[in-house]
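Protein chains in written order, with numbering that gives the first Met the number 0: chain A, 0 to 353; chain B, 0 to 385.
Calculated directly from the structure, the hints in this document are not laboratory data. No experiment lies behind these values; they were computed from the predicted model shown. Worth double-checking, as some hints may not be accurate.
Claimed, not checked - Quick list of in silico lysine-lysine cross-link-like pairs, DSS-like style, CA-CA up to 30 Å:
id: 1; chain 1: B; residue 1: 309; chain 2: A; residue 2: 234
id: 2; chain 1: A; residue 1: 28; chain 2: A; residue 2: 158
id: 3; chain 1: B; residue 1: 363; chain 2: A; residue 2: 234
id: 4; chain 1: A; residue 1: 184; chain 2: A; residue 2: 135
id: 5; chain 1: A; residue 1: 234; chain 2: B; residue 2: 39
id: 6; chain 1: A; residue 1: 94; chain 2: A; residue 2: 188
id: 7; chain 1: A; residue 1: 230; chain 2: B; residue 2: 185
id: 8; chain 1: A; residue 1: 336; chain 2: B; residue 2: 39
id: 9; chain 1: B; residue 1: 309; chain 2: B; residue 2: 148
id: 10; chain 1: A; residue 1: 234; chain 2: B; residue 2: 148
id: 11; chain 1: A; residue 1: 177; chain 2: A; residue 2: 94
id: 12; chain 1: B; residue 1: 148; chain 2: B; residue 2: 200
id: 13; chain 1: A; residue 1: 290; chain 2: B; residue 2: 359
id: 14; chain 1: A; residue 1: 158; chain 2: A; residue 2: 33
id: 15; chain 1: A; residue 1: 188; chain 2: A; residue 2: 135
id: 16; chain 1: A; residue 1: 231; chain 2: B; residue 2: 185
id: 17; chain 1: B; residue 1: 363; chain 2: A; residue 2: 290
id: 18; chain 1: B; residue 1: 200; chain 2: B; residue 2: 108
id: 19; chain 1: A; residue 1: 336; chain 2: B; residue 2: 185
id: 20; chain 1: A; residue 1: 184; chain 2: A; residue 2: 234
What the hints assert, rightly or not - Beta-carbon label-pair distances, calculated as ranges:
id: 21; chain 1: B; residue 1: 372; chain 2: A; residue 2: 22; range: 34 to 44 Å
id: 22; chain 1: A; residue 1: 272; chain 2: B; residue 2: 33; range: 26 to 36 Å
id: 23; chain 1: A; residue 1: 342; chain 2: B; residue 2: 111; range: 44 to 54 Å
id: 24; chain 1: B; residue 1: 34; chain 2: A; residue 2: 9; range: 35 to 45 Å
id: 25; chain 1: B; residue 1: 362; chain 2: A; residue 2: 132; range: 46 to 56 Å
id: 26; chain 1: A; residue 1: 342; chain 2: B; residue 2: 203; range: 53 to 63 Å
id: 27; chain 1: B; residue 1: 28; chain 2: A; residue 2: 272; range: 27 to 37 Å
id: 28; chain 1: B; residue 1: 372; chain 2: A; residue 2: 289; range: 17 to 27 Å
Quick reminder that beta carbons are idealized off the backbone N, C-alpha and C, glycines included.
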Amino acid sequence: MTESDNIVAETAERIFTDLADAQTINNSKDASWKAPLWSALTEAGLPLSWVPEDCDGSGASIADGFSVLNSAGRFGIAVPLAETMLAGWLLAQAKIASPPDAMTVAPASPRDRITLNADDTLSGRARGVPFARDVKHIAVLATGAEGSSIALVDAAQCKIAAGLNLAGDASDTVNFDKVKPIAVKPAQKGFDQTSLMLMGGVARSLQIAGSLETMLDVSVRYSNERVAFEKKISKFQAVQHNLAKLAGEAAAALAAASSAADAVANSTAFDESIFLEAAAAKIRCAEAAEKGAAIAHQVHGAIGFTKEHILHRYTMRALAWREDFGNESHWAVELGKLVAARGADELWPLVASR
Amino acid sequence: MTAALRFDPIRLPPECEELRKEVRAFLADEIAAGTFDPHKPQREDSDAPEFSRRVGERGWLGMTWPKKYGGHERSFLERYVVTEEMRVANAPTRRFFVADRQSGPVLLKYAPEHIKMDILPRICRGEVCFAIGMSEPNSGSDLFAAKTKATKTDGGWLINGSKIWTTSAHIADYMIAIFRTSPPTKENRRHGLTQFLVDMKTPGITVNPIAQITGQYEFNEVVFQDAFVPDDHVLGEIDGAWKQATSELAYERSGPERFLETYYVLTELVRATGPNPDTRSAEGIGRLVAQLHTMRRMSVSVAGMLQAGKEPVVEASIVKDIGTIWEQQLPHRVRELAAFVDVDPLNHPTLDEQLAFATKLAPKLTIQGGTTEVLRGIIARGLGLR
Numbered sequence: 000m001t002e003s004d005n006i007v008a009e010t011a012e013r014i015f016t017d018l019a020d021a022q023t024i025n026n027s028k029d030a031s032w033k034a035p036l037w038s039a040l041t042e043a044g045l046p047l048s049w050v051p052e053d054c055d056g057s058g059a060s061i062a063d064g065f066s067v068l069n070s071a072g073r074f075g076i077a078v079p080l081a082e083t084m085l086a087g088w089l090l091a092q093a094k095i096a097s098p099p100d101a102m103t104v105a106p107a108s109p110r111d112r113i114t115l116n117a118d119d120t121l122s123g124r125a126r127g128v129p130f131a132r133d134v135k136h137i138a139v140l141a142t143g144a145e146g147s148s149i150a151l152v153d154a155a156q157c158k159i160a161a162g163l164n165l166a167g168d169a170s171d172t173v174n175f176d177k178v179k180p181i182a183v184k185p186a187q188k189g190f191d192q193t194s195l196m197l198m199g200g201v202a203r204s205l206q207i208a209g210s211l212e213t214m215l216d217v218s219v220r221y222s223n224e225r226v227a228f229e230k231k232i233s234k235f236q237a238v239q240h241n242l243a244k245l246a247g248e249a250a251a252a253l254a255a256a257s258s259a260a261d262a263v264a265n266s267t268a269f270d271e272s273i274f275l276e277a278a279a280a281k282i283r284c285a286e287a288a289e290k291g292a293a294i295a296h297q298v299h300g301a302i303g304f305t306k307e308h309i310l311h312r313y314t315m316r317a318l319a320w321r322e323d324f325g326n327e328s329h330w331a332v333e334l335g336k337l338v339a340a341r342g343a344d345e346l347w348p349l350v351a352s353r
Numbered sequence: 000m001t002a003a004l005r006f007d008p009i010r011l012p013p014e015c016e017e018l019r020k021e022v023r024a025f026l027a028d029e030i031a032a033g034t035f036d037p038h039k040p041q042r043e044d045s046d047a048p049e050f051s052r053r054v055g056e057r058g059w060l061g062m063t064w065p066k067k068y069g070g071h072e073r074s075f076l077e078r079y080v081v082t083e084e085m086r087v088a089n090a091p092t093r094r095f096f097v098a099d100r101q102s103g104p105v106l107l108k109y110a111p112e113h114i115k116m117d118i119l120p121r122i123c124r125g126e127v128c129f130a131i132g133m134s135e136p137n138s139g140s141d142l143f144a145a146k147t148k149a150t151k152t153d154g155g156w157l158i159n160g161s162k163i164w165t166t167s168a169h170i171a172d173y174m175i176a177i178f179r180t181s182p183p184t185k186e187n188r189r190h191g192l193t194q195f196l197v198d199m200k201t202p203g204i205t206v207n208p209i210a211q212i213t214g215q216y217e218f219n220e221v222v223f224q225d226a227f228v229p230d231d232h233v234l235g236e237i238d239g240a241w242k243q244a245t246s247e248l249a250y251e252r253s254g255p256e257r258f259l260e261t262y263y264v265l266t267e268l269v270r271a272t273g274p275n276p277d278t279r280s281a282e283g284i285g286r287l288v289a290q291l292h293t294m295r296r297m298s299v300s301v302a303g304m305l306q307a308g309k310e311p312v313v314e315a316s317i318v319k320d321i322g323t324i325w326e327q328q329l330p331h332r333v334r335e336l337a338a339f340v341d342v343d344p345l346n347h348p349t350l351d352e353q354l355a356f357a358t359k360l361a362p363k364l365t366i367q368g369g370t371t372e373v374l375r376g377i378i379a380r381g382l383g384l385r
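Excised from the complex, chain A in its bound form (with noise of 0.2 Å):
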């Protein structure tokens, strides 16, 4: 997914381009660079492309929004428009129609619940929710009696502690107190809160993926510019070593996320395969982006380490997106007692099934 393989991505790349170059967001002392690049976007129809049109979205497929999601990584955006997307797509899974606006999903963490309570208002407590105070309306997918509902919420009902994600994002806490949601229907069988989380760890595993791409892309450019000892320091074999390792890094973050993508594109079910492509891929990427953070930083010296350079951008948005929808130690702990219940001689059949 390195190249942009459909016009919905090509589509995403040209906005990014245009309206968030990474420069110039960093060098704006405000926000005056979000509206234009949100209303581009939303003209574009991208923020609801996992919308069928029939729910007042774009219909694009599950294969090119994750494109896109790639594509946001590499670009180091930091708008809700993952959000957004998940949102709409989890309202699709109920057909609720989507409003034209900014959204988010609740909860973010597969340790919060929120509940559906008997009088169909939601109560519980959602920790590191991306972009809730920015955005109007929440995606809520709630547990009750009758197993999962998927809720509609309008953003202004909840109680919001603002937060703050280690690229300075907003990461909010969201309290719903009996909260009246604008609509709520049950779940399709099977579909639950494990879902969202695996939806939402592939998406984010995307957007790790690109953003160790542009961490590759602008440390192997830096290197060769920068000179020390009277030569660029690309030709120094111990910065070529750290290289190439960053790149063995982005390369199998891209892997594994491109592969949890592909299955979810290919499949109706959140079955064992998916489980494993979607937690293998968060566990990977996040992996990835310790290890290719710190060597992008490495390569880079004290330049890397201001405000003032692009490179935390990436750097600091890779290492936050590790926590969002199951940190990498949740999915390792799932996945191991997957493993571990299917028994040992139904390990290799399980890995080499995809």
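Use these hints to put chain B onto chain A, whose structure you have.
Coordinates of chain B only, in the frame set by chain A:
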């Protein structure tokens, strides 16, 4: 973007899954018949000529080669399935593995027709074993420092010098080796080496075993004293071996053997841990499985690109770099996770024995077939740093 790495999410086609069932059934029969023990890592010095012939009879050697040479004109992805199933089962592939992966394709490309007609069908039948003569006592990673000489004589060449770390030379029927036919030039230090096919029964060749730290013996020193190689055994361009060596590396570097070499310790860990792991064991196993799955998806992706006629040299080097480091670390990670596992399970002695073997084997994984340092140099070149 300077670095356009591609790892397309290639899926194995349906015919591969049929084939996988056949391979698994075949291996189960071989295990039942006592040909090999799947719980014992492939013994490096074990030679299984009968097994090799039976694999040939099934049509699983030379799978991608033309039918006129005994091949089966199947895809790289089908070959991939056979290779990974054999590896995971710890099947004794030593006799045919090098010939099938590497030597056959070199002969296909560079050998004269009568030699292809003679040797390739025998490889496909699992009858012949190949060795690769690259390293010498004073040249390893620096391939182009090779000194073993081929001197022109009537009707052929006389070889003098020695090769070292030559895997399977003691059981091999043939070796494909590079020898010095001219000195390097000022402009090109890689000039002057030529690739030859050597019949190991040639007078003047002595094979001396070298014991390894695993307690096994797979590699050798091979000494040449006026060993005669006929003219028609020259493979490709005289003095031009450097042009031929690089394009085959993608095949050699990205296969399942580059991350599955110590896989058995993970299986046995899962068995010893049982169905209800504690949090620590579950997390440890989960992380290892995530890596395993990712490595395999990367490796299959490269196989798919090769099948499509691309030359993913950098991608293949990345697969070998991170795959070999992973399989090298695997016994150490498994050891940590096994520390608190109940010592009573029936397979615990198996796990301990496997861990001891894999831990001793591990250092060689990042050295053989292109060291980590060499691979990172290739990746760096691909990134535009050299």
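(message) For each hint given before, does the structure comply? Return the numbers of the non-compliant ones in rising order.
(response) As far as the earlier hints go, 5, 9, 10, 19, 20 and 24 are violated by this structure, in ascending order.
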